[in-house]
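First to last, the protein sequences are chains F and C.
One point on numbering: in my numbering, the residue at position 67 of the first sequence is 67, and numbering is uninterrupted.
One point on numbering: in my numbering, the residue at position 605 of the second sequence is 605, and numbering is uninterrupted.
Derived from the structure by calculation, the hints contain no laboratory data.
Treat each hint with caution, since some may be false.
Anything over 12 Å on all C-beta distances counts as not near chain C; from chain F, calculated [what the hints assert, rightly or not]:
| hint | residue |
| --- | --- |
| 1 | A28 |
| 2 | T38 |
| 3 | A139 |
For each label pair, taking beta carbons as the anchor points, the in silico distance ranges come out as [unchecked claim]:
| hint | chain 1 | residue 1 | chain 2 | residue 2 | range |
| --- | --- | --- | --- | --- | --- |
| 4 | C | Y491 | F | L26 | 38 to 44 Å |
| 5 | F | G50 | C | A377 | 51 to 57 Å |
| 6 | F | Q30 | C | Q415 | 40 to 46 Å |
| 7 | C | F394 | F | G50 | 24 to 30 Å |
| 8 | C | P396 | F | R7 | 51 to 57 Å |
| 9 | C | L151 | F | Q30 | 50 to 56 Å |
| 10 | F | L64 | C | L151 | 40 to 46 Å |
The structure displayed is predicted, hence computed values, not measured ones.
We treat Cβ as the ideally placed atom computed from N, Cα and C, and that holds for glycine.
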Amino acid sequence: MKPRHKRFVLIGVGIAGLALSASLVLSAFQKNLVFFFTPSQVAANEAPVGKSFRVGGLVEKGSLKRDADGLTVHFVVTDTAKSIPVVYRGILPDLFREGKGVVTQGKVGPDGLFRAEEVLAKHDENYMPPAAQDALNQATAKTAAQSVVLPPKGK
Amino acid sequence: MVPELGHFALILALCIALVQSILPLVGAARGNDAWMALARPAAQAQCLFIAVAFGCLTYAFVSNDFSVKYVAEHSNTQLPVAYRVAGVWGGHEGSLLLWTQMLGLWMFAVSIFSRSLPQEMVSRVLSVMGMVAVGFLLFMLIASNPFERLLPAALDGRDLNPLLQDPGMVFHPPMLYMGYVGFSVAFAFSMAALIDGRLDASWARWSRPWTTVAWSVLTLGIALGSGWAYYVLGWGGWWFWDPVENASFMPWLVGTALVHSLAVTEKRGAFRSWTVFLAILAFSLSLLGTFLVRSGVLTSVHAFATDPKRGIFILAFLAVVVGSSLTLFAWRASKVGLGGRFALVSRESMLLTNNALLLVAAGAVLLGTLYPLALDAFGLGKISVGPPYFEAVFVPLMAPALFLMGIAPLARWKQASLPELAVRLRWALAVSFVAAIVVPLAMGHWSTMVGFSMLLAAWIAATSVVNLKAQLAHVPKGRIGARLAQLPRSYYGMLLAHLGVAVFIAGVALVKGYEAETDVRMEVGDTAHLHGYTFRFTAINAVKGPNYTAERGTIEVTRGTESVVTLNPEKRLYIVQNMPMTEAAIDAGFTRHLYVALGDSITPTTWVVRIYHKPFIGWIWGGCLLMGIGGLLAAFDRRYRARARAGSAQLAGAAGLNASAAG
Chain F
1 MKPRHKRFVL IGVGIAGLAL SASLVLSAFQ KNLVFFFTPS QVAANEAPVG
51 KSFRVGGLVE KGSLKRDADG LTVHFVVTDT AKSIPVVYRG ILPDLFREGK
101 GVVTQGKVGP DGLFRAEEVL AKHDENYMPP AAQDALNQAT AKTAAQSVVL
151 PPKGK
Chain C
1 MVPELGHFAL ILALCIALVQ SILPLVGAAR GNDAWMALAR PAAQAQCLFI
51 AVAFGCLTYA FVSNDFSVKY VAEHSNTQLP VAYRVAGVWG GHEGSLLLWT
101 QMLGLWMFAV SIFSRSLPQE MVSRVLSVMG MVAVGFLLFM LIASNPFERL
151 LPAALDGRDL NPLLQDPGMV FHPPMLYMGY VGFSVAFAFS MAALIDGRLD
201 ASWARWSRPW TTVAWSVLTL GIALGSGWAY YVLGWGGWWF WDPVENASFM
251 PWLVGTALVH SLAVTEKRGA FRSWTVFLAI LAFSLSLLGT FLVRSGVLTS
301 VHAFATDPKR GIFILAFLAV VVGSSLTLFA WRASKVGLGG RFALVSRESM
351 LLTNNALLLV AAGAVLLGTL YPLALDAFGL GKISVGPPYF EAVFVPLMAP
401 ALFLMGIAPL ARWKQASLPE LAVRLRWALA VSFVAAIVVP LAMGHWSTMV
451 GFSMLLAAWI AATSVVNLKA QLAHVPKGRI GARLAQLPRS YYGMLLAHLG
501 VAVFIAGVAL VKGYEAETDV RMEVGDTAHL HGYTFRFTAI NAVKGPNYTA
551 ERGTIEVTRG TESVVTLNPE KRLYIVQNMP MTEAAIDAGF TRHLYVALGD
601 SITPTTWVVR IYHKPFIGWI WGGCLLMGIG GLLAAFDRRY RARARAGSAQ
651 LAGAAGLNAS AAG
C-alpha cells in the first residue's frame with residue numbers, strides 16, 4: 001500500500017468507528033430516557049403505558065400504609081390537583097415523610113396503580129426535589145388559569 | 001479578628017496572583033530575566049497566603065466562631081473536632097477555598113521541582129496557573145466569601161450535614177480536588193508549549209509525572225467517594241451514574257487518555273497536538289465538574305450554592321478558560337506539529353484507538369449528564385437518564401479497549417506484526433478462556449456477562465505476565481530478584497495499574513453476577529438466611545452519640561455452627577438537623593462483604609432489615625487502589641529525578657538552560 005492509500009484506510013476506519021460508536025451511544029440514549037410526569041398528567045393519560053417513567057409530588061398526609069409483611073408500602077403522590085396511588089416493595093429512603101416531596105420511578109398498571117421500582121432519596125430535610133416542586137407549581141398554575149377561564153356559572 | 005486576617009490574606013493572594021499571571025509571561029516574551037524570575041517566589045508567596053486563609057477558617061471552625069456565617073451554617077458545638085476540621089470543606093465557600101489551596105500547593109510543588117526546566121517554560125507554566133488562581137480567588141472574594149460575618153453571631157451552629165459526618169468524607173474532597181486541580185499543571189504546560197510553539201519529547205517528560213500524579217490521586221479520590229456512597233448513601237450500591245459522580249468520572253476518562261497519550265509523546269514524539277488537546281479537555285472537564293457540582297444546577301448533597309450569581313460566574317470563567325485555550329490551540333497547534341508516523345498496526349495505533357474509545361465514553365457520559373439539564377433549562381420537559389443507558393454504552397465501548405490494553409504494551413512501536421503478537425499471546429488467550437469458563441462455574445452458575453468479564457480480566461492479567469517475561473529476557477542473567485530490580489519503576493507502575501483494572505473488572509462482574517439480597521421483617525429473636533449465612537437479630541438498644549441518638553441493632557451472624565461476626569447497624573437521628581441516617585454495618589472480607597442495614601421500624605422491636613451478601617465487592621476499590629499506587633510508582637520513576645539532577649548540574653555549570661538537549 002502506498003502511504004496515501006494507507007492514510008485513506010486509516011481515515012475510513014476512524015470515521016466508521018466513530019459513526020458506529022455514535023450510533024451506539026445515541027440509540028442507547030434514546031432507549032433509556034426516562035420522562036417525568038406530574039400526577040395531573042398521569043390522570044390525563046399523558047404518561048406512557050407499559051414503559052417506565054417518573055412521577056413526583058407530595059406524599060399525601062395519612063396515605064402511608066404498610067402491608068402485613070412489613071415490606072410493601074402504599075402511599076399516594078399528589079400535586080394538590082390530582083393524585084396517584086403508589087405501591088412499593090422495599091425500604092423507603094430515610095427522608096421519606098408524609099407531606100414532603102418525593103419522586104418515584106416505575107410503571108402504571110391498567111388498574112391505575114403506580115408500581116414503583118425506585119423511590120428517590122432526598123439529601124436534606126428542607127430540600128424539595130425540583131421535579132416535585134415543578135409538579136406542584138404546574139398544578140397551582142392550572143387551577144389559577146381555570147378559575148380565570150371559567151367564570152362562575154351564575155352570571 | 002482571625003476571620004478578617006483570613007479575608008485579608010485572600011486579598012493579598014489575589015494581588016500576588018495578578019502579578020504572577022502577567023509579569024512572568026511578558027518577561028518570557030521579551031526575554032526579561034528579572035520578570036521571569038518573579039514566577040517562583042510569587043507562586044510560593046501566593047500558596048502561603050492561601051494557606052494562611054485556610055488556617056484562619058480552620059481555626060474559626062475548631063474554636064466554634066459562630067460569628068462567621070459559613071461556620072454557623074456548617075458546624076455545631078456538639079460536632080466532634082475531626083468533623084469540624086472537615087467542615088471547612090463541607091460547604092460551597094470552603095470547598096472553593098480547598099480548591100484554591102490545592103492549586104496553591106500544586107503551584108508550590110511546580111516552583112520547587114522545576115529546577116531542570118528552562119526558565120521561560122517555568123515562567124509561562126506558573127503564569128497560566130496564576131491566571132486560574134485569579135479566577136478562583138476573584139470568585140471567592142466577590143461571590144462566595146467564606147469569612148463573611150454573621151451579626152449578631154449565632155448561639156450555636158446549624159451543624160454539618162450528617163451525610164458528611166463520616167471518615168470517608170474527611171478525605172474524599174481533598175483527594176478529589178487534588179486530582180482535579182492537578183490537571184491544571186498539565187493544562188499550564190500545554191498552554192506554555194502552545195505559546196512557545198515548541199513541543200518535544202523533553203516537554204512530555206516534564207509534564208508527564210505531574211499528570212500521572214494528578215490522575216492517581218483523582219483515581220483514589222473517586223474510589224473514596226464511591227466507597228462512601230456504598231456504606232453511607234447507597235443501600236449497598238457503589239456507583240449510581242449520578243451527575244455528581246459523572247462530573248468526576250469525565251475528567252478521569254480524559255485524564256486516562258492523556259496519561260497514555262503523553263507516554264507516546266515522550267517515547268515517540270507522536271500525538272503532540274492530540275496530547276495538548278487532551279490536556280485542555282481534561283482541565284476543562286475538571287472545571288465543568290466543579291461548575292456542575294458547586295453551582296446548584298444539580299441538587300444533591302454536593303450542591304450548596306443557590307445564588308445564581310455564582311453559577312453565572314463559574315460558567316463565565318469556564319467559557320473564558322475553554323474558549324481562550326481552544327483558540328490558542330487552533331492558532332498554534334500547527335506549530336506544535338503532529339509528530340512521528342506509525343503503521344496501521346503498531347503500539348501507537350492501539351493507544352490511539354484506546355484514546356478514542358475513552359473519549360467517546362467521556363462524550364457519552366457528558367451527553368447523559370448535560371442533556372437532561374439543558375432540556376430542563378430550556379423548559380422542554382424533565383427527563384432523566386439512568387444507569388441502564390450508561391451500562392449499555394460502557395460495555396461495548398470498554399470491551400475492545402480492555403482487549404487492546406492487553407496487547408498494546410507488547411506491540412512494537414511504529415510497526416507491529418499481528419502474527420507475531422498472536423504467537424506470543426496464544427497462551428495468555430488460552431488461560432483467559434479457561435478463567436472465563438471456570439470462574440463462573442466455581443461461583444455457582446454460568447452467566448455470559450460474568451464469563452465475558454472474567455475473560456477480559458484474565459486477559460489483562462495474563463498478558464501482563466507475558467509482558468514481564470519478555471522484559472526480563474532483556475535483562476542480563478542473574479538471580480531472579482536482582483533481575484526484577486533492574487526493571488524501571490515506571491514499568492512496574494504500568495503493570496500494577498493495569499492489574500488494578502483487571503481486579504476492578506473482576507470485582508464489578510462478580511458482584512453484579514452473584515450478589516444476593518433480602519429485605520426481611522425481623523423481630524428481636526428472629527433469624528434470616530442468606531447465602532449459607534444465618535443472621536440472628538438479638539437486640540435493639542438506644543445509644544447516644546456526640547450529636548445524635550441512635551437505635552443500634554445487634555445481629556449475630558453464623559455459618560453452620562461456626563460464629564462469623566456480630567454486626568451493629570444503626571438508625572441515627574442527628575439532633576440539630578432532625579435528620580435520620582442509616583448507618584450500615586459491614587463485615588468486610590477478602591472474598592465477600594456481609595452488609596446489614598436497618599430500614600423502617602414497624603414496632604420498637606420489629607424492623608425491616610436489609611441484608612446483602614456481596615461477593616468480591618472489595619476488589620472494586622482494591623483495583624482502584626492498585627491503579628492509584630501504580631500511577632504514583634510510575635510518576636516517581638528514577639529517570640525523572642535523574643533528569644532533575646542532570647538539569648541542575650547543567651544549570652550550575654551555566655550551560656544551556658534547555659535540558660531537552662540531553663533527551
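Cross-check of the supplied hints:
1. A28: Violated, because the least Cβ-Cβ distance between A28 (chain F) and chain C comes to about 4 Å, which does not exceed 12 Å.
2. T38: 10 Å, violated
3. A139: 15 Å, holds
4. C:Y491 with F:L26: 38 to 44 Å: This hint holds: roughly 40 Å between Cβ atoms.
5. F:G50 with C:A377: 51 to 57 Å: 30 Å, violated
6. F:Q30 with C:Q415: 40 to 46 Å: 41 Å, holds
7. C:F394 with F:G50: 24 to 30 Å: With Cβ atoms ~27 Å apart, the hint holds.
8. C:P396 with F:R7: 51 to 57 Å: Given about 27 Å between the Cβ atoms, the range is violated.
9. C:L151 with F:Q30: 50 to 56 Å: With a Cβ separation near 54 Å, L151 (chain C) and Q30 (chain F) satisfy 50 to 56 Å, so the hint holds.
10. F:L64 with C:L151: 40 to 46 Å: Hint holds: Cβ distance 43 Å, inside 40 to 46 Å.
Violated hints, listed in ascending order, are 1, 2, 5 and 8; each of the other numbered hints is respected by the structure.
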